[in-house]
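Assemble the complex: chain A is given as a structure, and chain B must be docked to it using the hints.
Heads up: the sequence lines are chains A and B, in that order. Numbering-wise, UniProt numbering puts 313 at position 313 of the first sequence, and it's gapless, one number per residue. Numbering-wise, UniProt numbering puts 308 at position 308 of the second sequence, and it's gapless, one number per residue.
Worth flagging that the hints you see were computed from the coordinates, not collected in a lab. Built from N, CA and C at the ideal position, the CB exists for glycine as well. Heads up, a few of these hints could be off.
As the list claims (entries may be wrong) - Among chain A residues calculated to face chain B with C-beta under 10 Å, some are:
#, residue
1, D223
2, M233
3, R241
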Amino acid sequence: MLRFLTRRTLGGILTLLIISAVTFFLFFAVPADPARLACGKVCPPELLEQARHNLGLDQPLFAQFTAWLTGIFAGRDYGGLGYCPAPCLGYSFVNRAPVFETILDRLPVTVSLTIGAAAVFLAFGVATGIVAALRRGRPTDKIASVSSLVGASLQIYFVGTLALYFLVYKNQILARPRYLPFTEDPLGWAAGLTLPWMVLAIIFTANYTRMTRSTMVEQLGEDYVRTARAKGMPGHSVVLRFALRGTLITIVTIFGVDLGALIGGAIITETTFGLQGLGRLSLNAVTDSDLPVLMATVLVAAAAIIVFNIVVDLLYAFIDPRVRLN
Amino acid sequence: MSTPFLSVRDLIVDFHTEDGVVHAVDGLSFDVDKGTTLGIVGESGSGKSVTNLAVLGLHDPETARISGGITLDGEELIGASRSTMERIRGNKAAMIFQDPLTSLSPYHTVGRQIGEVFRRHTGASRAAARDRAIEMLTRVGIPQPKTRVDDYPHQFSGGMRQRAMIAMALVCDPDLLIADEPTTALDVTVQAQILDLLRDLQEQTGTAIILITHDLGVVAATAHDVLVMYAGRAVERGTVREILGEPRHPYTWGLLASMPRLSAPVDLPLRPVRGTPPSLLNVPPGCPFHPRCDYPDLAGPELCRTVRPELSPHRGHGDACYLTLAQKREIHR
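With the rest of the complex left out, here is chain A (with noise of 0.2 Å):
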């Protein structure tokens, strides 16, 4: 299990490296100049190149690269532009911060939506699949079908405006969407991601419903399931700790998946509700030419999507011992 784990970390490290260069020179083919966003508005040539001298956009690209990684371990002075202490991931001159600073300061928006978002449509999906499966062909099975389907085809900016402005503005149900840390006001958070979370999870609880539903429908068939009932095991425990145990293989499977792009940043939630969170933060990146900015959350994103995979690959050793590693 511990060389299993070794090897996975390394084999992702490896990955982030391989992005982080790709997204490097990527970015360099950009026709944006970092040195004049660092110089500021009113540049003359001499203080141009004397950023591009601090900046290090004089060296090679190799050179560059790698002074980049070294920034990681050792942090960056910018000469007089500003200073990065480790870990320094490049220093934003439109932010006028190290971009470390900033994805810490964004981070805990875009989790605290993603986990509880996902709680929601984990919990209320998985919930819908089940008795979906064990109702099939009933109408409890047909309305969470076709409930899933109309889930599924609506789109954030669609039902989040909508309840945005009956919700919120016009009759007051639900707080204003906005950020407050958990550690000042557990309630705040709570009251103020209340609406974004129902909304992303309306979206996402349709897969979970339909991928539960097919999967339990399958596993309820199963010689073993049968064999459970032979044994005169009670109906909840043959659909719970027999039926489901099998479900949950696919269930994971598409949390893990789900789950690591959330971290990355919901982009189009974020943007509806005005949450400063890591989607936010790299839409802006983009419009603003933050290279350093948007570099750094791709690599979050992606480090998201690599943890993520391996904890899923963790759980199916846990959840089926046909898998456990020896």
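Okay, now just chain B, sitting in the frame of chain A:
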């Protein structure tokens, strides 16, 4: 005359499907006494398994319509409540399935799967259930039961899995054990071991066994009584000596003739029962076997094709065929 331990009367099991009503079991009656083994023989789709799933109430009530009577130890099972059935299953009546690999849960240890039946029906503690599981594994001949109890089914060999399955079925000392093709998925040598095991356990506990099989060799080795099924009906019933020694139904003859014999010349072609089993959506009128029978005109020009024969006589060696005893003896010598 005491009441039999398990008594099935006029059992009818219909499945309502999109294509129509499937008459899987159509008026079946049989008895099983304690300490005896009834072998139920027939081709695939003859209703053997469906009958026995009905005994334990394991059919989906949404699609299956079951009528008739099934009494176990004086208790009527058809229409019994779910909790009654859950109390009986695994406790008074247990079942072994054909494929032990798919029939055991891959997610739980063998010991847990055996122990949970015991806990469920006796309220024993986790530790007591574990001890009982080890005891059962020992009884069915699993080597090193104390360590194997924590293994998962995929760590067992095929024969060991079926032994574990038997241990699981017998953990509450059931009075009735239904074994649905328990040896079909196993090697021939392992088959013999499993059958021996079942016989030994029956001698120790006096359990009534229903052995479902399509293998007459298995029947000859283990059963006391035999029921031959065809298209959801019993076509012949008797003791194993009667059925194998003086079979009376043309279908039984066909089954017996289709068995290859070691004493026969190697190049003797196999003799299958010709034709295929009828669709249970559309069972032939009259005797359901008449389209495959070699003697459909012997009992009169139309009888076999129009009127369904009943099993007669009602007790002892009976068969559902219009041929006279003399004709049968003449044909099958």
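Hint-by-hint comparison with the structure:
| no. | hint | verdict |
| --- | --- | --- |
| 1 | D223 | holds, 4 Å |
| 2 | M233 | holds, 6 Å |
| 3 | R241 | holds, 8 Å |
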